[in-house]
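Asker: Since chain A is already given, all that's left is putting chain B on it; use the hints.
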Amino acid sequence: MLINHALRELMEIEEVSENVLQVHLNGLLQINDKIALKEITRQLNLENVVGDKVFGSFAENFSFLLEALKKGDRTSSCPVIFILDEFDLFAHHKNQTLLYNLFDISQSAQTPIAVIGLTCRLDILELLEKRVKSRFSHRQIYLMNSFGFPQYVKIFKEQLSLPAEFPDKLFAEKWNENVQCLSEERSVQEVLQKHFNISKNLRSLHMLLMLSLNRVTASHPFMTAIDLMEASQLCSMDSKANIVHGLSVLEICLIIAMKHLNDIYEEEPFNFQMVYNEFQKFVQRKAHSVYNFEKPVVMKAFEHLQQLELIKPVERTSGNSQREYQLMKLLLDNTQIMNALQKYPNCPTDVRQWATSSLSWL
Amino acid sequence: MTHLENVVLCRESQVSTLQSLFGERHHFSFPSIFIYGHTASGKTYVTQTLLKTLELPHVFVNCVECFTLRLLLEQILNKLNNLSSSEDGCSSEITCETFNDFVRLFKQVTKAENLKDQTVYIVLDKAEYLRDMEANLLPGFLRLQELADRNVTVIFLSEIVWEKFRPNTGCFEPFVLYFPDYSIGNLQKILSHDHPPEYSADFYAAYINILLGVFYTVCRDLKELRHLAVLNFPKYCEPVVRGEASERDTRKLWRNIEPHLKKAMQTILKTQWYPNKYFIKVFCYIGLSAHTHVELPYYSKFILIAAYLASYNPARTDRRFFLKHHGKIKKTNFLKKHEKTSNHLLGPKPFPLDRLLAILYSIVDSRVAPTANIFSQITSLVTLQLLTLVGHDDQLDGPKYKCTVSLDFIRAISR
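So the protein lines, in turn, are chains A and B. Following UniProt numbering, the numbering of the first sequence begins with 1 at its first residue and continues without gaps. Following UniProt numbering, the numbering of the second sequence begins with 1 at its first residue and continues without gaps.
The set of hints was computed from the structure by calculation and includes no laboratory data. Errors might be hidden in some of the hints.
As the list claims (entries may be wrong) - Some chain A residues near chain B, calculated using beta-carbon distances under 8 Å:
(1) 28
(2) 29
(3) 31
(4) 120
(5) 122
(6) 205
(7) 207
(8) 237
(9) 240
(10) 245
(11) 248
For every residue, glycine included, the Cβ atom is placed at its ideal position computed from N, Cα and C.
One chain only, chain A, in its complex shape (with noise of 0.2 Å):
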């Protein structure tokens, strides 16, 4: 955004406009030297010129483009700005060609050129070779957030508040009124408080604020303060609770037969069989003859989880080994376990029992 806004000033001087020209790449999406190339052919308008000439290296073929760019006189040539966004995957080319090529050219006064590269990686540096480190010119500008709290919270009110070009004017000064009231009010700065403690990123803001926006409609037009407390919960939900509320309570037992193996052989990987095992000593006790399923069922449920991701192999699975046999580990925490349990729907009495008894053998 600031780059953008930069450029845009510095396409107002007449002159600049006229002589500039501008290349924008990202890392997403030239993943290679030969792509970037292409790319860069094809921003210059330079296709046809190039045509189908056979280039032996990256380097004659830079050249060879940039030579082109001067003018008529071969006195002088454009000046191009070269723009690469997420300048780290840049960095992870075979022999950063064409970074090397870049400032090379730039450091030697060939065609005035400039690099402007963007990144969120603070120890970019590293990433370059030697050779491509020395041409850089080492000049970086770092765009950290420095805010503190009162400043969150007025950037809170600004994000929310209509311009002034907002047509129906009488709205837009009740909806700024109502931003005013909420920035003030207690509860609202406490859960602003809370998302600044985990984040000063202005994305997650704006994702709160998209989920409280979510719930202003034609009949509730002003957002209230519930609406940003239910939208905090929302942003700290656990996903991964949410899927074991979805689950049968056969694949809970799973669930809870690996939380007690786990507990007692201390995190070691288990398979398959000692799960089945752990869950017959369970079935057993009078009471629970009810959960007596088939070893079969018993493997669907166990597999359905392996596909949900919630139980990993510990190794890539050789076609030797049996399923059965092949050494898990569980992805869950003993506490998202039990939270996961409380809020669990028509949960049999006896198998919340199993989860919280300690000694399982008895």
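Answerer: Frame of chain A, contents of chain B only:
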């Protein structure tokens, strides 16, 4: 809206959330939405119905079909092309190999008249397969609105939670929406919705009630319950058809259906052991497992039993079990340490061929000659995958085998 409510049951809050996210046609919506929930919780159905009813331009792609990048990207572009050029019958097929080309072609295709001002929706079903494709695909799709600079929203549908999708170096976080599983009341409502026209709604509702009572503990999956309902309904109606009971005679109907349902529970949930990942479910109505249908010749059964014993008993105990005159057994501490992890839990151990033959000779009453017949039977057991060969084929000091069947199977064939 009421039409929507009639078609999509029990999902009002999710539908209203999605509608408020979509907004008006020309509004820019949130760049990416991630919907997760159990299988058969209606994610695909609700999304498709909503987009079709509201007549929003959308492309629906199932990622299971697209095992290469090219298939996925070309499908999206071609479907979009079909949407936009509905006047001329034939439009050329677009080829696209990389994500870069995709973004460029996408920009071109969405310049078409009827797509220009509206939000285009791309729905990717079974999105968990995207994680296994190229690394830039998932972050790219999450940011497609920004990269292509167009009004587009990508919707991901998956069973797996978002935390497992997130790439290591971070990405644009989508709007995460959870489709909760249906409660028992909801299931009742949905299942009673498709009652056959010959019988009254109450009759069917009573049947569904009984069905849920029996099957709800084991299975909460709507698709399976629906299948079960259709399957068992004729049996339920039998007394009425035969004239023995009227529709309201619930006790008689219950007594008729109850044993049948209990039996169905044991057998109907017994699928073959295919990996569930690919949703191949084969319902096996026969009570026995398929393995016991294999008829083995006389010696093969003994070989298999010998192999099982060899796999699961440690070699030191052979002497004790199989020789007529065994020496004194020294009780060592060695035995006690290993009691915890019983061999039955850890799986079969490999054993050399000589040991198998030795055990075979001792368990078969009559004299067994080591003819080629015996060896060929061993090889055919390997082909049947009842034994597996461990190690290289060309090992010179005897091949090693492992037994791959369970105790129940051994018991079944030894009768």
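Asker: Of all the hints given earlier, name the ones this structure violates by number, lowest first.
Answerer: Numbers 5 and 6 - these are the hints that the structure violates, sorted from lowest upward.
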